[in-house]
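Q: Assemble chain B onto chain A, guided by the hints.
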Amino acid sequence: MTVLVVVEGTDKGLSEASRRAVGAAGTLGPALLLTAGVDCRAAAEQGAVLSGVAEVLLADHPCLPGAPENLAPLLANLAPACSHVLAPADAFGATLIPFLGALLGVGPVTETTAFLGDGVFERPCHAARLVARVRVLGRLALLTVRPSAFSPAPPRRDGPPAPIRPLPGIRDHGLCRRLRPAQPLGERPDLESARIAVVGGRGLEEAGSFALMEALAHRLNAAVGASRGAVDAELASADLQVGQTGRIIAPDLYLGVGVSGSLQHVAGIKEARVIAAINKDPAAPLLAMADVAWVADLRQAVPELLRALQNAADASP
Amino acid sequence: MPEPLPSSPPPSADGLTALVALRQLPDPAHPARLRLEGGGVETGDGALVLNPFDEIALEQAVQWRESGAVARVIAATVGEASWEGGLRTALALGADQGVRVVVPEGMEPLNIARLLAALARRLGVDLLLGGRQGADLDQRQTLAMTAALLGWGFLPQVAALRLEPGEVHAGCSLERGVEWRAARLPTVISCDLRLVQPRYASLPAILKARRHPLIAFTPFELGVALSQTLETLGFREPVSRPPGIRVNSAAEMVAALRQRGALP
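Residue numbers (our numbering), protein chains in the order written: chain A, 1 to 317; chain B, 318 to 581.
These aren't lab readings, by the way, just hints derived from the structure by calculation.
Remember, it's a predicted structure, so these values are computed and weren't measured experimentally.
Any given hint could turn out to be false.
Unchecked claim - Not everything, but these chain A residues come out facing chain B in the computed CB check (under 10 Å):
1) Thr10
2) Val120
3) Arg180
What the hints assert, rightly or not - Label pairs and their in silico Cβ distance ranges:
4) Asp118/A x Pro581/B: 35 to 45 Å
5) Asp331/B x Ala215/A: 51 to 61 Å
6) Ser557/B x Gln183/A: 34 to 44 Å
Cβ coordinates follow ideal geometry from the N, Cα and C atoms, glycine included.
In isolation and in its complexed conformation, chain A is listed as follows (with noise of 0.2 Å):
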């Protein structure tokens, strides 16, 4: 079986969606590993010293960002010879595999949570409160797999890294281009791979400001995260919104503050080893739902919780 795993590669090399991707490739087979982007070739020298990596082709060209009509006439010519294509079910992916399978005539499996075998998937639906069990017919599988539901590929442990070779073939269409590339976010751990991550919720209004959250995740070394409520009353930015049509995130550690708990959000965040929860609100759904909860106003729970981790920081050797 020859997989072929694309991700999105950047002057910055891999994100954590792709490390998961090859992570869940690995589990398949020995895995070919496509990183297209432009400037790219930082991404191409991670993938080459992860495990499970037998080759790296590098699709670097200023034509590639934000079109995938450029890179997925390339793939179909290299998919016959595969048992899977497979892509993070990021933003480049969730395009990019569905419109791969329209020239190929292939349905994918997108949001893929698990690998049954056989050509048998999971996948989370109506909010994450189901799983679908999908075959695939055809002697192909397209897939797009969610990165929380799979680890990152480890390093190499022994041997060279595996060769890198250019991508041939690729022309600009001419129908997409990016304009200007996103605003790179702060130096913040990122919300998919920090093991803690404190999401703020509208119960920031009466706060005025996420001040109260930065200082949290300073003090945890956590990401920041916003509820849906949180970004529509304008605390937060929409790159931080958590939920079902946001991050979708699974860290060691959840803790909603102000959050309500819709199912849109905890569709983003059940994955989550432990939830921990801070609401004035005694009914929050939220509050039901956490391993640890508790009821109180934010604007003093806060505050007092971080004394309270500074004092355990103290008396800890």
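A: Showing chain B alone in chain A's frame:
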């Protein structure tokens, strides 16, 4: 052998035509459950609503029509016969025409995309809009596939839009932030929830929409061959979380989290 990308006709001389692809689904506010017999999905009292993401796309198209940027808005459904209600809702919200292709329940996105692409070619569409995903299945497939079949560009998960001469500029929601992209017309656009605020239909508009004629096509009339490439075998509930504890102070919360190995 990949399907060849067909060449697209130039934009129509009498103004731009926007087509909005609409789905109906069980109200997402009603939590879905596993049906005890038959293994299917139980979604509540059966009342259907327009996919909230598609409502956003419709609102954007209607705003463009109201500002004169677009000459006509066609609302289209590829779905079950019962989705006629959604089409009439779209007419009440400002669409100029309603077009439907009636197909069996549970058709896979590839086939829906084939039908949407055929509609877009038949109706001389310049802008094909829809929501970025269905609030039930969360697949994010149909519009990307439609773009590929048409040989058009695709602007995904758009949070901001500007029509420019001959192209569209869009802020696409990526994990790392909003990335601005341009696509030549004609193009496909999938809409994020924060793009626009949808309106409510007035009662006179709802009543008027009841009498509006709808145009219907069959897959055969559109020249589309359908195939099945996926099979849904069943559903299960995810493993449930055991009940948690309530704490009454920060010190108790820290102790409880430490005990679970969640704190550094």
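Q: For each hint, tell me whether it holds in the structure or not.
A: Results for each hint:
1. Thr10: At about 8 Å, which falls below the 10 Å cut-off, the nearest Cβ of chain B leaves the hint on Thr10/A intact, so it holds.
2. Val120: holds, 7 Å
3. Arg180: holds, 5 Å
4. Asp118/A x Pro581/B: 35 to 45 Å: holds, 42 Å
5. Asp331/B x Ala215/A: 51 to 61 Å: At roughly 58 Å between Cβ atoms, Ala215/A and Asp331/B fall inside 51 to 61 Å, so the hint holds.
6. Ser557/B x Gln183/A: 34 to 44 Å: Since the Cβ atoms of Ser557/B and Gln183/A sit about 39 Å apart, the hinted range of 34 to 44 Å holds.
When the structure is compared with the earlier hints, no violation turns up for any of them.
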